Amino acid sequence: MPTITLRVNRKNHTVECANSSLLVDVLREQLRLTGTHVGCDTSQCGACTVHVDGHSVKSCTMLAVEAQDAEITTIEGLADGNTLHPMQAAFQECHGLQCGFCTSGMVMSTTELVSRNPDPSEPEIRHWLEGNLCRCTGYHNIVRAVQTCARGSRGGTP
Amino acid sequence: MKDFQFHRPTTVAEAVALMAGKDGAKFLSGGQSLLPVLKLDLAEPTDLISLTGIAELREIRVDGQALVIGALVTHDAVARSADVRKHIPGLAALAGGIGDPQVRNRGTLGGSVAHADPSADYPAAILALGATVHTNLRKIDAEEFFTGLFESALAPGELVTAVSFPIPKRAAYAKFAHRASKYALVGVMVALTSSGVRVAVTGAGAKVFRVSAMEDALTKGFVPEALSGITVSADDLNGDAEASAEFRAHLIGVMAKRAVAACQ
Numbered sequence: 004m005p006t007i008t009l010r011v012n013r014k015n016h017t018v019e020c021a022n023s024s025l026l027v028d029v030l031r032e033q034l035r036l037t038g039t040h041v042g043c044d045t046s047q048c049g050a051c052t053v054h055v056d057g058h059s060v061k062s063c064t065m066l067a068v069e070a071q072d073a074e075i076t077t078i079e080g081l082a083d084g085n086t087l088h089p090m091q092a093a094f095q096e097c098h099g100l101q102c103g104f105c106t107s108g109m110v111m112s113t114t115e116l117v118s119r120n121p122d123p124s125e126p127e128i129r130h131w132l133e134g135n136l137c138r139c140t141g142y143h144n145i146v147r148a149v150q151t152c153a154r155g156s157r158g159g160t161p
Numbered sequence: 008m009k010d011f012q013f014h015r016p017t018t019v020a021e022a023v024a025l026m027a028g029k030d031g032a033k034f035l036s037g038g039q040s041l042l043p044v045l046k047l048d049l050a051e052p053t054d055l056i057s058l059t060g061i062a063e064l065r066e067i068r069v070d071g072q073a074l075v076i077g078a079l080v081t082h083d084a085v086a087r088s089a090d091v092r093k094h095i096p097g098l099a100a101l102a103g104g105i106g107d108p109q110v111r112n113r114g115t116l117g118g119s120v121a122h123a124d125p126s127a128d129y130p131a132a133i134l135a136l137g138a139t140v141h142t143n144l145r146k147i148d149a150e151e152f153f154t155g156l157f158e159s160a161l162a163p164g165e166l167v168t169a170v171s172f173p174i175p176k177r178a179a180y181a182k183f184a185h186r187a188s189k190y191a192l193v194g195v196m197v198a199l200t201s202s203g204v205r206v207a208v209t210g211a212g213a214k215v216f217r218v219s220a221m222e223d224a225l226t227k228g229f230v231p232e233a234l235s236g237i238t239v240s241a242d243d244l245n246g247d248a249e250a251s252a253e254f255r256a257h258l259i260g261v262m263a264k265r266a267v268a269a270c271q
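Chains as they are written, first to last, in this note's numbering: chain E, 4 to 161; chain X, 8 to 271.
Calculated from the structure, these hints are not laboratory results.
Keep in mind that the hints are not guaranteed to be accurate.
Each pair of labels, with its calculated beta carbon distance range [to be verified]:
1. X:D223 x E:N120: 47 to 53 Å
2. E:R13 x X:D48: 44 to 50 Å
3. E:P5 x X:D48: 40 to 46 Å
4. X:A24 x E:N85: 29 to 35 Å
5. E:T45 x X:E63: 29 to 35 Å
6. X:D247 x E:D56: 34 to 40 Å
7. E:N85 x X:K146: 56 to 62 Å
8. X:T154 x E:A82: 49 to 55 Å
9. X:T226 x E:P5: 55 to 61 Å
Source: prediction; values computed, not measured.
Cβ coordinates follow ideal geometry from the N, Cα and C atoms, glycine included.
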């Protein structure tokens, strides 16, 4: 089986995996980074979203061998020690989750949105969230969380 | 998913050479269509030849009166490109509405074109703008490229390298999207070009097609009202759980009007 090196959350990991292994399976099963979830496995729900070179990607729809040479960030790599990433804190504050299954994907996806657009409107947030399905919240508090995080990162009052 | 040999060339020549003699091999671009196909075991390639390391296919350039977009350019890069937004804003908007952000970050123009999905968005732009598909072997006119359901004029082993879009006077795309996948139940691109008006419909039939009655009406007056009273027959249109053929026929009229309105 081929050996590949993946750089995940600022650390290099060398793993043996088949060419057909999906990135999400290597992250979860071999690196035990189980914060990245598999919801649909059909490229629609976004629960498996991670960052590859800063871009949100569905890790169920990318081969692990394709992620060599890239900087991968998972939900486990967002917080700074015990200090939550501002988007994680905003989801907590705004109650942007219920069962929590979709949350890591939501947080990964929306951190990219705010890095691109520090002041997204509600329609812009909802358009962006088309790649992430939540079956609990009805999305309202997720949208509020993103707005709260964006306001905070612009230096205003969260 | 069945395992395969994996190759990662860095030039077009190397990619084409790797494909030679391998009947069961496939090119892999962003993988947003091919990987779901492989996960369902609908294809079992012996080899995947990844194109993502080929830097020469990532260029967007203005070439005279055309915008030439490399096959490896992602939908997100097309949507955000200053050149595309300046010269064909309707194409940038179309790319920004494909799938979702994660799909746009990985999916590529060349991959979408080669896959020839009847519900994909790009085919509408390619046909409406009269684009030319460049391959490692030749240049293929839009009219000849899409030949049927998931079928194109590409020969086995032929590689899409770029698409050249003539810059129109005005063009816009309107889509009625599938709720989950964002594929077009019906998508209509309308373009006012130097050689006339072109209306191309994706999502509704086995392949993208033009509507000459709408083109004639818009030639007389390029306003949404010009399309009032024009109907498209549901006879050869797709009907499925999402939308009947009759509903798709109706949507073609609505989306065409919206596209013309967006051109104003």
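Each hint, compared with the structure:
1. X:D223 x E:N120: 47 to 53 Å: violated (42 Å)
2. E:R13 x X:D48: 44 to 50 Å: violated (36 Å)
3. E:P5 x X:D48: 40 to 46 Å: violated (21 Å)
4. X:A24 x E:N85: 29 to 35 Å: violated (53 Å)
5. E:T45 x X:E63: 29 to 35 Å: For E:T45 and X:E63 the Cβ distance comes to about 33 Å; the hint holds.
6. X:D247 x E:D56: 34 to 40 Å: Taking Cβ atoms as reference, X:D247 and E:D56 lie about 37 Å apart, which means the hint holds.
7. E:N85 x X:K146: 56 to 62 Å: Given a distance of about 59 Å, which is inside 56 to 62 Å, the answer is holds.
8. X:T154 x E:A82: 49 to 55 Å: At 52 Å between Cβs, range holds.
9. X:T226 x E:P5: 55 to 61 Å: holds (58 Å)
Hint check: violations occur at hints 1, 2, 3, 4; the rest are consistent with the structure.
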